[in-house]
Amino acid sequence: MSLRIVVQQPDFAVASEYERLRQDARCGAVVTFTGLVRELAEAELLSMTLEHYPGMTEQALTQIATAAQQRWQLGAVTIIHRVGTLLPNEQIVFVGVASAHRAAGFAAGEFIMDYLKNRAPFWKKEHTSSGEYWVAAKVSDQAALKRWQ
Amino acid sequence: MSLRIVVQQPDFAVASEYERLRQDARCGAVVTFTGLVRELAEAELLSMTLEHYPGMTEQALTQIATAAQQRWQLGAVTIIHRVGTLLPNEQIVFVGVASAHRAAGFAAGEFIMDYLKNRAPFWKKEHTSSGEYWVAAKVSDQAALKRWQ
Amino acid sequence: MLKILFFAALRERLGCASTNLDLQGQVLTARDVLNQLASQSTQWQPHLADTDLLCAVNQHLVPLSHPVTAGDELAFFPPVTGG
Amino acid sequence: MLKILFFAALRERLGCASTNLDLQGQVLTARDVLNQLASQSTQWQPHLADTDLLCAVNQHLVPLSHPVTAGDELAFFPPVTGG
Chain S
1 MSLRIVVQQP DFAVASEYER LRQDARCGAV VTFTGLVREL AEAELLSMTL
51 EHYPGMTEQA LTQIATAAQQ RWQLGAVTII HRVGTLLPNE QIVFVGVASA
101 HRAAGFAAGE FIMDYLKNRA PFWKKEHTSS GEYWVAAKVS DQAALKRWQ
Chain E
1 MSLRIVVQQP DFAVASEYER LRQDARCGAV VTFTGLVREL AEAELLSMTL
51 EHYPGMTEQA LTQIATAAQQ RWQLGAVTII HRVGTLLPNE QIVFVGVASA
101 HRAAGFAAGE FIMDYLKNRA PFWKKEHTSS GEYWVAAKVS DQAALKRWQ
Chain F
1 MLKILFFAAL RERLGCASTN LDLQGQVLTA RDVLNQLASQ STQWQPHLAD
51 TDLLCAVNQH LVPLSHPVTA GDELAFFPPV TGG
Chain G
1 MLKILFFAAL RERLGCASTN LDLQGQVLTA RDVLNQLASQ STQWQPHLAD
51 TDLLCAVNQH LVPLSHPVTA GDELAFFPPV TGG
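Protein chains in written order, with UniProt numbering: chain S, 1 to 149; chain E, 1 to 149; chain F, 1 to 83; chain G, 1 to 83.
Please note that a few of the clues may not be correct.
What the simulated footprint calls covered on chain S by chain E, stretch by stretch (three residues with Cβ under 8 Å from a Cβ of chain E suffice, anywhere in the stretch; the number is not a length) [to be verified]:
#	stretch
1	15 to 22
2	33 to 42
3	88 to 100
4	105 to 114
Short, incomplete list of chain G residues facing chain E, as computed with Cβ under 10 Å [unchecked claim]:
#	residue
5	Phe7
6	Ala9
7	Glu12
8	Leu14
9	Gly15
10	Leu54
11	Ala56
12	Asn58
13	Ser65
14	Pro78
Below, in silico cross-link-like pairs of lysine to any residue (SDA-like), each with a Cα-Cα straight-line distance of 20 Å or less [said to hold, decoys possible]:
#	chain 1	residue 1	chain 2	residue 2
15	S	Lys124	S	Lys146
16	S	Lys146	E	Leu40
17	S	Lys146	F	Pro79
18	E	Lys138	G	Leu61
19	F	Lys3	F	Thr19
20	S	Lys146	S	His101
21	S	Lys125	F	Arg11
22	E	Lys125	S	Ala25
23	E	Lys125	G	Ala17
24	S	Lys124	F	Arg13
25	G	Lys3	E	Pro54
26	E	Lys124	G	Arg11
27	E	Lys138	S	His101
28	E	Lys138	G	Asp50
29	E	Lys138	E	Pro54
30	E	Lys125	G	Leu53
31	S	Lys138	E	Ala100
32	F	Lys3	F	Arg31
33	E	Lys125	G	Arg11
34	S	Lys125	E	Phe12
35	E	Lys138	S	Ala103
In short, the hints are calculated from the structure, not lab data. A virtual CB, placed ideally from N, CA and C, is assigned to each residue, including glycine.
Starting from the given sequences, assemble the full structure and let the hints guide the process.
Structural data, given as structure tokens:
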């Protein structure tokens, strides 16, 4: 039931995060999710700035991971979220879950991402060739929570 | 829509598989699943042998991945499955999916694993401190398919 | 004293990251505080009237009906967009 | 000639990985082939009567009612357990 929560500017290495997660010999499944800065359809994306609420972010992520550990039988859980300025194709977020059975791993990974998207205090601002824009919250992200309620 | 299907004895590196999947600049999400040889509750597991039906395995995995690509908007998809003799905590299977949106990535990853478990011709034999046993198919794996039908 | 924080687009629109409010011993709701801040500035008023705003008391998301007292940390911000 | 393959526990129980059957121009179903093999050996009979057995023709999973003709590759095996 180990829990690793990191909020940081520097990049992270999926390879070493995965190696950490696979150490638990009782866990036959490791599910990972990585979110990347993606090209925009409308304009050229130059960079993205991630603002956060220091202190609350770590608490919110810990709460979400703990809720997942209470809901499913999990081994180690890792959540890493970057802040500051990121370039296209850089890594933003990593969620990794070790579990005995694959269904719990997939469900917990998606649950954590769905709650992170709606409850963790991060905000994205896109710097594009046509100006700077705060990213709007998506209705589809709110809808995603219904599945777990 | 690139597809990478590998059936091999040697181990694979999740790090390089992930790096390949994250190259698609239109894809903001990468979901990976890795299955590992896990300890047994009943006896000490010494090793596991994976038998397969050469030729049919590659075809079955290609069919499953193609079905996922038809069902969801996906970028690159990778399936790697090892055969031969594996030791405890060794990697058995890797499924990786790149997608624009996370819901498609999680769903496609789980879909591929659920079909692989029921339709791809691999068989596990456990070599334990109390003897050799062919692994029995699980009812829960059959039940998992219902979700997609 | 109540510490009040603003984040992201709201912080930019207000031109302010944090302020303080002397509660003078009162227990108010987060919504009361929002109304009080709005009444103090016609410039702030339209931005604080945004019905999408979220609110945290002592770093936990709460509804606007949540009470705040001296020593609390209250934060207002737009819907979150991380991940 | 029909090529018939056996895998995993079934291969071990039969003590045989592959065999051939001369169809003599007939079109049989996979189930007909299974019955014919069973009738040829009292040792094989109980193992081939396992109702959980899966069947592939030319490397595609098919029901036992699927037809086979000369030149096909037919395989019988227990439920799969990979992943």
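Quick rundown of the hints versus the structure:
1. 15 to 22: Since 3 is at least three, the answer is holds.
2. 33 to 42: holds (count 7)
3. 88 to 100: Contact hint for the stretch 88 to 100 of chain S vs chain E: holds, 4 residues under 8 Å.
4. 105 to 114: holds (count 5)
5. Phe7: OK, holds: Phe7(G) within 10 Å of chain E, min 6 Å.
6. Ala9: Nearest chain E Cβ about 4 Å off; hint holds.
7. Glu12: Hint on Glu12(G): holds, closest Cβ of chain E at ~8 Å, below 10 Å.
8. Leu14: Interface hint status for Leu14(G): violated (14 Å vs cutoff 10 Å).
9. Gly15: 15 Å, violated
10. Leu54: 8 Å, holds
11. Ala56: It holds, given that the least Cβ distance between Ala56(G) and chain E is near 6 Å, below 10 Å.
12. Asn58: Holds, because the Cβ-Cβ distance from Asn58(G) to chain E comes to roughly 9 Å (cut-off 10 Å).
13. Ser65: 18 Å, violated
14. Pro78: 7 Å, holds
15. Lys124(S) x Lys146(S): Violated. Lys124(S) to Lys146(S) sits at ~24 Å, over the 20 Å cutoff.
16. Lys146(S) x Leu40(E): Given pair Lys146(S), Leu40(E) is violated - Cα atoms ~36 Å apart, limit 20 Å.
17. Lys146(S) x Pro79(F): 17 Å, holds
18. Lys138(E) x Leu61(G): Holds, at roughly 19 Å.
19. Lys3(F) x Thr19(F): 6 Å, holds
20. Lys146(S) x His101(S): With Cα atoms ~24 Å apart, Lys146(S) and His101(S) exceed 20 Å; violated.
21. Lys125(S) x Arg11(F): Satisfied, since the Cα-Cα distance of roughly 13 Å is no more than 20 Å.
22. Lys125(E) x Ala25(S): Cα-Cα ~18 Å, so holds.
23. Lys125(E) x Ala17(G): 16 Å, holds
24. Lys124(S) x Arg13(F): 16 Å, holds
25. Lys3(G) x Pro54(E): 15 Å, holds
26. Lys124(E) x Arg11(G): 13 Å, holds
27. Lys138(E) x His101(S): Holds. Lys138(E) to His101(S) sits at ~12 Å (cutoff 20 Å).
28. Lys138(E) x Asp50(G): 17 Å, holds
29. Lys138(E) x Pro54(E): With a Cα-Cα distance of about 23 Å, the restraint between Lys138(E) and Pro54(E) is violated, given a limit of 20 Å.
30. Lys125(E) x Leu53(G): Holds, at about 17 Å.
31. Lys138(S) x Ala100(E): 14 Å, holds
32. Lys3(F) x Arg31(F): 15 Å, holds
33. Lys125(E) x Arg11(G): Within the cut-off at roughly 13 Å; holds.
34. Lys125(S) x Phe12(E): 37 Å, violated
35. Lys138(E) x Ala103(S): 13 Å, holds
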